[in-house]
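Please model the entire structure based on the sequences and the hints provided.
Line by line, the protein sequences are chains A and B. For the first sequence, the numbering used here begins at 8 and goes up steadily by one. For the second sequence, the numbering used here begins at 8 and goes up steadily by one.
All clues given are correct.
Under the rule of at most 30 Å between Cα atoms (straight-line distance), these lysine-lysine pairs were calculated in the DSS-like manner: (1) B:Lys150 - A:Lys373; (2) B:Lys696 - B:Lys638; (3) A:Lys656 - A:Lys757; (4) A:Lys150 - B:Lys373; (5) B:Lys472 - A:Lys472.
Hints are computed from structural coordinates only; laboratory data are not their basis.
There are 2 protein chains.
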Amino acid sequence: MKHYIAILTLAAVLSGCTASNKSSEVNSLTDNIQTLTSPDGRLRMNFGLNKKGIPTYELNYNDCKVVLPSKLGFTFRGRKEENVYSLESGSKRYAKPVDMQTGFSFVSSSTDSFDEVWTTVWGEESRIRNNYNELAVTLRKDKVQMIVRFRLYDDGLGFRYEFPEQPGLVDFVIIDELTEFAMAGDHTAFWIPGDYDTQEYSYNVTRLSEVPATISGMQIGNASQHVIGPSSVQTSLQMKSDDGLYINIHEAAVVNYPTTNLDLDAKTHVLRTHLTPDAEGWAALLQAGSRTPWRTVMVTDDARKVLASRLILNLNDPCALEDVSWIHPTKYMGVWWEMIVGRSTWSYTAEHNVIIVGETDYDNAKPHGAHGANNENVRRYIDFAAANGMDGLLIEGWNIGWENWFGHQKDRVFDFVTPYPDFDLPALNAYAHSKGIRLIMHHETSSSTLNYERSIPEAYALMNKYGYDAVKTGYVGDIIPVGDYHYSQPTINHYNYVIRRAAEHHIMVDGHEAVRPTGLCRTWPNLVGNESAKGGEFCESVEPKHLTILPFTRLQGGPMDYTPGALEMDLRYINPKRSDVLHFTVCKQLGLYLTMPSPLQMACDLPENYERYADAFQFIKDVAVDWEQSKYLYAEPGDYIVVARQPRKSTMELAAKGVAALKDGKKDYVNGASRFCLTDVNGRPDATKDIWFVGGITDEQSRSFDIAFDFLKPGARYEATFYVDAPDADGVNVSKETGSAPCARYNIYKQTVEASTVVNLTMAPSGGFAISLKEI
Amino acid sequence: MKHYIAILTLAAVLSGCTASNKSSEVNSLTDNIQTLTSPDGRLRMNFGLNKKGIPTYELNYNDCKVVLPSKLGFTFRGRKEENVYSLESGSKRYAKPVDMQTGFSFVSSSTDSFDEVWTTVWGEESRIRNNYNELAVTLRKDKVQMIVRFRLYDDGLGFRYEFPEQPGLVDFVIIDELTEFAMAGDHTAFWIPGDYDTQEYSYNVTRLSEVPATISGMQIGNASQHVIGPSSVQTSLQMKSDDGLYINIHEAAVVNYPTTNLDLDAKTHVLRTHLTPDAEGWAALLQAGSRTPWRTVMVTDDARKVLASRLILNLNDPCALEDVSWIHPTKYMGVWWEMIVGRSTWSYTAEHNVIIVGETDYDNAKPHGAHGANNENVRRYIDFAAANGMDGLLIEGWNIGWENWFGHQKDRVFDFVTPYPDFDLPALNAYAHSKGIRLIMHHETSSSTLNYERSIPEAYALMNKYGYDAVKTGYVGDIIPVGDYHYSQPTINHYNYVIRRAAEHHIMVDGHEAVRPTGLCRTWPNLVGNESAKGGEFCESVEPKHLTILPFTRLQGGPMDYTPGALEMDLRYINPKRSDVLHFTVCKQLGLYLTMPSPLQMACDLPENYERYADAFQFIKDVAVDWEQSKYLYAEPGDYIVVARQPRKSTMELAAKGVAALKDGKKDYVNGASRFCLTDVNGRPDATKDIWFVGGITDEQSRSFDIAFDFLKPGARYEATFYVDAPDADGVNVSKETGSAPCARYNIYKQTVEASTVVNLTMAPSGGFAISLKEI
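Written as structure tokens, this is what we have:
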């Protein structure tokens with residue numbers, strides 16, 4: 008096995024740029040040029056109007072051009088001519104589109120600075136600094152005033168458009184947003200194809216100029232999909248310049264507005280916003296007094312700073328909830344993976360090929376016998392989850408309707424309140440609660456957002472009645488109302504409506520197939536997770552590099568319910584009809600609990616698999632899911648991530664109470680995550696001891712890293728438990744042998760370490776490692 | 008003044024037809040011809056397949072052909088090719104449309120008969136006979152089985168398509184329904200233009216062949232409108248043949264399906280269904296196990312039988328509610344007409360041109376002073392309504408948002424819970440209740456169905472909290488979700504969702520600008536009214552003939568909240584800036600309470616106008632709104648209607664209790680309607696006495712009728728109060744003088760009558776009359 012020794016390519020303080028980045032400017036700023044610098048002075052932004060009166064900005068990092076002069080603006084829809092109708096066409100006539108890009112004049116500008124530290128409800132760190140310089144430029148086009156507000160942080164730029172209340176503007180429709188990001192070079196890009204409906208794509212890593220030639224190969228099918236064109240990619244788009252700059256284009260605080268794709272001109276490397284339209288083909292219906300989401304350009308000289316950046320969260324509004332005491336981190340198992348792998352089913356009967364909710368007679372339907380969410384099976388999972396320190400158990404396929412769901416534009420797909428005959432909801436909840444486990448609700452909407460909204464009153468009342476406090480929602484299939492898309496303004500409003508309604512009911516939300524998050528979890532911390540990317544359910548097609556890219560892209564907007572923890576890579580072990588494997592080593596799966604931070608973290612595998620890998624499973628039982636602080640030790644998108652994290656103190660204290668209560672026979676399932684790590688030799692919790700976890704993953708390359716434990720308390724000694732790939736382990740070439748298979752070769756050992764300790768660890772191809780550290 | 012003596016053109020028992028009706032058949036039925044006759048044997052229907060395997064039916068009345076052989080069938084959408092995407096077009100590829108009209112084969116047929124009498128919750132009569140013969144034909148096209156179910160009544164035909172659960176069919180999409188109604192002649196038609204969004208049109212009366220040449224003149228503008236084409240009309244379509252047959256094409260029980268327009272071939276007189284599409288252009292997404300609404304062809308030889316027909320109600324499902332005790336008839340006033348006429352406004356301030364619900368500061372906004380729904384004004388209406396025997400008071404413009412509502416595709420238009428600063432909702436409700444008046448809620452959705460559905464939990468909770476038990480909903484403006492229409496399947500589902508949710512909260516619904524009703528009030532009797540036609544709010548443009556047509560068309564599906572009772576026709580009296588008048592006599596306005604039956608009946612005028620016309624207003628105070636039985640004495644669409652009605656006994660008994668309770672100082676606002684008529688000389692109620700009301704209206708022609716009181720109890724004597732146009736009265740040429748104006752010239756007198764009495768009454772041009780009869 009060939010080992011690759013990682014060399015840290017720290018761009019450090021760049022003193023100059025390559026010639027290509029210094030090329031002359033085409034769209035030069037000519038009028039009322041305003042300049043803004045980041046607090047540390049390294050990022051500098053200029054804004055002005057060009058000769059045509061087009062608002063234009065550019066961004067530099069030290070002497071290096073990051074964004075060449077780039078245009079801002081919109082196309083508005085002309086106002087409807089009220090009560091004028093054309094009999095010929097049968098449709099209403101509208102005025103021509105209104106150009107809201109050229110011909111702007113400068114009105115005024117103002118600057119501001121901001122510096123605060125805010126406390127998170129959960130996440131990678133307990134406190135986040137929000138420090139920026141701000142420039143707000145007021146422009147006028149005809150009678151319309153528009154403000155462009157820029158916030159420049161040490162790690163990037165955010166800007167948005169604002170339309171203040173004013174005499175000349177009431178309601179208006181955006182057809183196109185014309186925001187450009189003119190890249191200064193043919194950067195290496197980590198991208199997925201543009202789409203109005205799905206992000207469940209593998210990442211491609213190419214030069215920007217190579218996107219058009221390779222995009223069709225990336226466009227795999229999906230239950231709902233609307234691919235955009237030959238040269239469009241999605242946010243967040245991570246890039247790396249030849250000068251070693253990491254540039255990330257994303258969006259923050261998408262509320263009442265669609266998310267955007269980025270149309271790429273592969274020759275000029277100019278990216279332009281391409282908003283998801285609604286069923287009429289309009290992008291956004293807005294009123295004066297509103298504003299767009301933030302457009303962001305993160306710029307760092309070190310990949311680790313991308314992962315440590317809080318740019319997106321900082322650009323979101325503060326927490327909207329007065330009481331957040333009911334929001335808690337959760338480690339959970341699920342009656343789910345066995346369905347994904349095809350051993351059992353969501354559905355209950357083969358007797359009906361058509362299901363009409365409320366009419367189909369399930370009580371007299373003959374069960375087909377493969378239904379996963381049956382009482383006996385669920386109790387088995389409850390027993391195992393309780394015995395192994397989980398907080399929750401997700402159960403999918405508990406409610407009627409799974410015989411006939413997505414793909415048919417069926418409005419009333421599910422009712423979210425009627426269990427299958429073999430799922431005794433009250434009894435199973437009572438049983439779970441008696442063991443300190445909370446059941447996690449599952450609401451597959453089948454993308455019938457209308458039906459889901461109509462069902463929410465009864466569905467959430469049921470959850471409250473039986474003590475569910477978290478729901479996994481799903482949006483498989485095309486959106487109903489028909490003609491709409493997953494990422495359009497109306498559907499974005501739906502997701503946000505669900506989050507708000509859930510908060511009223513003290514329900515945490517984990518949205519699958521919903522829009523990619525854009526940091527809204529700061530404002531609504533009950534949004535504890537999203538899928539919104541290619542997740543573990545894709546099994547063999549999850550490529551080794553995939554997980555080393557997601558934290559740079561998808562996770563910038565919020566945590567992902569990736570569903571780690573599959574310790575048995577050979578899926579025949581679960582379902583003999585399968586012939587595929589997962590391209591991971593066991594230790595890479597463990598490492599994911601650190602590299603894919605989420606307050607909602609799954610242990611996705613089956614109880615029997617965990618029993619077979621009990622020694623490795625111990626790490627999953629131990630690991631925390633909510634953090635006081637995080638230290639990114641090594642990172643490179645597409646290659647590797649190594650991170651150390653200290654569990655959040657307040658959460659650990661709550662967990663300690665929970666463990667003690669459980670020990671005393673009292674029901675308490677709040678914040679039990681990492682309860683195992685907390686227990687001392689007597690099985691009692693001890694939250695006074697310092698605890699850390701370290702994890703790493705790599706792509707298809709084997710890599711070795713020196714791990715310096717200098718983040719530990721000076722002078723303290725820690726018992727470290729190492730979970731490391733064996734020298735002959737291999738997560739790429741996963742042969743179909745169990746037990747002795749290369750993916751399952753690992754070593755677990757304990758070692759005392761302190762702040763001065765340095766150890767060298769090697770990760771196998773598509774391998775990883777995990778370390779738990781407990782102060783002695 | 009020229010008097011026109013009405014001659015009753017009773018076609019009676021037709022023994023033959025004109026030659027044109029006996030023309031040879033083009034689409035003759037060739038295969039497996041099935042015949043069905045009505046219980047009385049006069050209607051006969053044949054069904055069969057033609058040479059191309061097209062399902063075909065024809066309908067005869069005695070020897071007279073009513074519907075020539077007419078095709079049935081559909082165009083289905085081909086199944087989506089799953090996961091096949093075209094990068095070029097950026098959209099999903101679908102297979103070609105599937106012909107579901109030709110190539111059918113006969114599978115089987117069955118017949119049945121049904122005869123029952125059911126009891127209504129409210130309406131024109133307390134008991135309705137439902138008596139029909141049924142033929143169900145099962146057909147097969149390729150693998151798909153389809154049933155066509157025909158029900159033949161004495162007064163018409165109903166048929167629908169059914170798609171039973173079957174192996175070859177799961178979910179399917181209807182692009183077109185191809186149902187034909189081939190008329191046997193160039194009938195006189197009473198029609199409004201086809202539209203996907205509005206029915207607020209004046210009726211045209213032309214030959215079928217004249218529709219294309221005259222339709223554009225009928226297409227006035229509306230806040231939401233989608234006119235269809237040069238030869239499309241709406242249901243219900245009333246026709247009259249040269250042979251004196253009254254033929255009415257309508258639809259019944261429209262659930263989970265769009266309503267239809269009728270495309271007319273003006274040369275062949277063939278009408279074809281034209282369903283309202285959704286935002287994707289599809290007509291209906293259905294599942295096997297579902298069925299279409301009924302298509303109906305009413306055939307009578309007497310116009311009075313059209314008005315007395317219960318065909319549409321009979322084809323709807325029985326009442327879905329266990330408890331209907333909370334549903335009650337209501338006579339109400341409104342803080343509304345003064346807004347329609349422009350004396351006051353729905354809005355509160357001119358300070359904001361943009362309103363963002365939840366953000367706009369109303370408390371510090373300067374009122375513009377014209378807001379109608381202010382505490383003082385509302386109390387004035389409450390006082391007047393209570394003193395004059397009303398049950399309810401509608402108040403529009405009570406909630407924030409009216410400064411900026413329809414026409415802008417604004418999603419969050421209203422929140423339905425926040426009153427304007429000058430509307431003290433709790434205090435006004437308490438004040439109203441103390442006087443036996445219930446406030447009627449107003450929910451203008453501005454056609455943002457999404458926002459309304461999201462708001463329902465809080466909105467209906469507020470209603471329940473403060474004792475509102477009825478809501479007037481409004482759907483002004485284009486539908487949001489954008490791209491959709493008022494009459495599409497998704498929007499139909501919305502209206503029905505609202506009715507169901509309202510029923511859960513014991514709320515009665517009166518939907519304005521919603522889809523035309525199709526008899527659903529049988530199933531959901533809390534749907535107490537709809538506008539869904541050109542109503543009183545259109546003021547001067549309501550033509551004299553309009554109200555003589557609506558009962559033949561719009562009212563076939565359910566009652567209309569027309570808002571009668573405007574006694575001051577000169578609108579300058581309300582708002583000096585107006586220069587228009589209403590083309591009614593005072594007595595025609597009174598007659599409407601009989602000719603426009605509705606359990607929710609408004610007295611729309613202002614208190615000060617009723618004080619000025621106190622003698623005529625007495626009839627509005629007296630008249631009942633819910634009936635034991637109804638006798639149509641004279642009727643001809645477009646010309647006149649005269650009807651006698653006996654108040655419902657059970658309602659009168661309840662009303663008597665209410666009157667007594669009020670008299671004793673107890674609050675009781677249930678079923679107070681007609682409480683004035685009930686009171687004896689001591690002001691006490693007496694429900695033991697028989698009561699009748701008679702009313703009549705005419706078009707622009709003056710007409711005289713002999714009124715025979717043979718419907719009264721034999722031997723009993725009645726005090727009759729007559730409200731009759733004066734000889735020089737005129738509702739067409741309404742000069743702008745008050746008091747002595749021709750529209751306001753009437754005589755009121757009492758006379759003792761009995762069953763043998765016959766009186767001759769004359770109605771002025773656009774005039775009418777009213778009589779209240781009370782057993783002595």
